[in-house]
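S.K.: As they're listed, the protein sequences go chains A and B.
Each residue of the first sequence is one higher than the last, beginning at 0 in numbering that gives the first Met the number 0.
Each residue of the second sequence is one higher than the last, beginning at 0 in numbering that gives the first Met the number 0.
Derived from the structure by calculation, the hints contain no laboratory data.
From a predicted model like this one, the values you see are computed outputs, not experimental measurements.
Idealized CB from N, CA, C, for every residue including glycine.
Honestly, I wouldn't trust all of these hints.
Here chain A is said to cover these stretches of chain B; the calculated rule only asks that three of the stretch's residues, wherever they fall, bring their Cβ under 8 Å from a Cβ of chain A [stated by the list, open to error]:
#, stretch
1, 36-48
2, 51-61
3, 147-157
4, 188-195
5, 202-215
6, 250-259
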Amino acid sequence: MKSTDEEAVLSLPFLTRQMLNLPHGSFFDVEVEFLANIAEEVEIVGFTKHEIFNFKHTHAGDGTVETDTFRTSDIPLGVSVHTTSATVERGEYWVALYLRVNRERIMKLCSGYVSRQSSIAWPQVQSENELGKRGNFKIVSVSNPAAGADFSEAVPTGEHWIIQFVTLTFATSAVGGARNVHMTFAPNATATPLDHFADTTQTQNLTRQLNFHTAGFTSDRLDADQVLVNISPKIHLLAGGLVASAILNIQVADQLSDIEIYVEQFMAI
Amino acid sequence: MEHVPKIKFPQLPFITREMFDWGAKTEFDLEVVVTTAQTITFQVSGATKESPFSYNITPTGNIDRESFTRRIAGIPIFLSVHIDNTNAVPGQMWIEVYLRGGQTRLLKLVAGYIFPERGLSYPAGSGSTPFNEISPPLPENVANPAAGADWDVGPSGSQLWYIHAVSCQIVTDANAASRVPHLEIVDNGGALIMDFSSNISIAASQTRTMVFQPVGEVADPDNAFRMPVAIPQGLIVNRAMDLQMNTLNIQVGDQWSNIRIYRASMALET
Numbered sequence: 000m001k002s003t004d005e006e007a008v009l010s011l012p013f014l015t016r017q018m019l020n021l022p023h024g025s026f027f028d029v030e031v032e033f034l035a036n037i038a039e040e041v042e043i044v045g046f047t048k049h050e051i052f053n054f055k056h057t058h059a060g061d062g063t064v065e066t067d068t069f070r071t072s073d074i075p076l077g078v079s080v081h082t083t084s085a086t087v088e089r090g091e092y093w094v095a096l097y098l099r100v101n102r103e104r105i106m107k108l109c110s111g112y113v114s115r116q117s118s119i120a121w122p123q124v125q126s127e128n129e130l131g132k133r134g135n136f137k138i139v140s141v142s143n144p145a146a147g148a149d150f151s152e153a154v155p156t157g158e159h160w161i162i163q164f165v166t167l168t169f170a171t172s173a174v175g176g177a178r179n180v181h182m183t184f185a186p187n188a189t190a191t192p193l194d195h196f197a198d199t200t201q202t203q204n205l206t207r208q209l210n211f212h213t214a215g216f217t218s219d220r221l222d223a224d225q226v227l228v229n230i231s232p233k234i235h236l237l238a239g240g241l242v243a244s245a246i247l248n249i250q251v252a253d254q255l256s257d258i259e260i261y262v263e264q265f266m267a268i
Numbered sequence: 000m001e002h003v004p005k006i007k008f009p010q011l012p013f014i015t016r017e018m019f020d021w022g023a024k025t026e027f028d029l030e031v032v033v034t035t036a037q038t039i040t041f042q043v044s045g046a047t048k049e050s051p052f053s054y055n056i057t058p059t060g061n062i063d064r065e066s067f068t069r070r071i072a073g074i075p076i077f078l079s080v081h082i083d084n085t086n087a088v089p090g091q092m093w094i095e096v097y098l099r100g101g102q103t104r105l106l107k108l109v110a111g112y113i114f115p116e117r118g119l120s121y122p123a124g125s126g127s128t129p130f131n132e133i134s135p136p137l138p139e140n141v142a143n144p145a146a147g148a149d150w151d152v153g154p155s156g157s158q159l160w161y162i163h164a165v166s167c168q169i170v171t172d173a174n175a176a177s178r179v180p181h182l183e184i185v186d187n188g189g190a191l192i193m194d195f196s197s198n199i200s201i202a203a204s205q206t207r208t209m210v211f212q213p214v215g216e217v218a219d220p221d222n223a224f225r226m227p228v229a230i231p232q233g234l235i236v237n238r239a240m241d242l243q244m245n246t247l248n249i250q251v252g253d254q255w256s257n258i259r260i261y262r263a264s265m266a267l268e269t
């Protein structure tokens, strides 16, 4: 015969440990994976039959995966992950939650990008993203390389870029030579890159802006100092991928500057 | 004699405060967070076991992210966020609702955009809309600059723009010059991010309409008064950027007018 307490528990519309025949001493915890390139705190909040819980985790912001576990008194009935930091942009902080029993994952609860505007929750609720499934649109400003040198910018650890534009200024020295600016995109330093280049050369003593974009059209050069170059749409680069110039016939005093890469950024392990 | 258990709480198909060890002394609230530039009242309504509730909430419209807390008698069984005012434009009122217990967030209930065609609900409903986009393209009208000057415009603090097209008209003065309009994207510091320029120049005493659009190919300008220029499809301009016109060889009496930015706009926090 069941006791009164057991009968009461069995009448609940949710799951508790008392309803299960788990081995004596079994315990529950929530395992959380964090992947971020920003050092900010997120909160994991929720409740069981016995308690309200509130855990916190601050990522190092280095693009690596961090894992933390939080002991709960029973099976969580609701759990959310949010941040109160206004500096976290959507696409920068990925979180995944798992329910564990005796250190074994038994269920993935939820996962997704967390920002102050977007949080994740279990059970599933009507939880949309302010930009659909788009990432973080950001401008990556690249330091000027030395005179006579190309630039190369690597995708940081943990990041995934979709290239939108690249723009730069190229000033040529007095040394004669028909330079041609190539823009390359490579998955790593050894792979053969995608190569996009201008259909015009640049001689000495000229300063031009080169715009690499996905408009699919290159206008006549009424303004000779503005060069438009089409690049492939949706160039994806993972960590270690390279955006680099490869200027044909570059001369020792030629100078690249004002290099800006506009990307849609996600996180990836 | 058959055993009749003493039930502490009724066999309900939903949760109530009596079911939790911590529930009896806990006060429950709804935390409603609004991100919008619009001052339009919306409703948050629903029911707990104890009572229905309905709150009208009016954001100030000039605050990027604003929170409202409303006390409820227990744990909500149903909740809905909706708006009837047709001035609520898609993509412009972003709402989040959290359940708080003992002044701590317990659970996210809903999050999303609201406008008359759609609301938010807990438990989750289908939430479908008559169209797929977060926000359909709507024109942003830009004030005419002074004669001889170019123009610039950008998303306000809590917006992101998805550019569909840009159109604008220039009337050139009698000064002889070959003007070349450039549509530029610059960051908030003025650094150039991208430049789109036309393939014909504009001489003196002309009236031309420029249309920047993701056509992929630009026809010969048989109609020289309308000048298409290709821009990428899905061009995103965020709050760190501006769109600006930079007209090469602009003359003192040249006048830009009828400037329209056809863009979807999404409410983002700063």
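S.K.: Work down the list of hints and note, for each, if the structure agrees.
M.R.: Status of each hint after checking the structure:
Given a C-beta distance limit of less than 8 Å, the hint that chain A covers the stretch 36-48 of chain B is violated, as 0 residues qualify and 3 are needed. With 0 residues having a Cβ less than 8 Å from any Cβ of chain A, the stretch 51-61 of chain B misses the three-residue criterion, and the hint is violated. Counting residues of the stretch 147-157 of chain B whose C-beta sits closer than 8 Å to any C-beta of chain A gives 0, which falls short of three, so the coverage hint is violated. For a cut-off of 8 Å, the count of residues in the stretch 188-195 of chain B with a CB near a CB of chain A stands at 6, and the three-residue condition holds.
Proximity of the stretch 202-215 of chain B to chain A, defined as three or more residues with a beta carbon under 8 Å from a beta carbon of that chain, is established by the 3 residues found. A stretch counts as covered by a chain when three or more of its residues have a beta carbon under 8 Å from one of that chain; for the stretch 250-259 of chain B and chain A the count is 0, and the coverage is violated.
Of the numbered hints given earlier, the model fails hints 1, 2, 3 and 6; all others are met.
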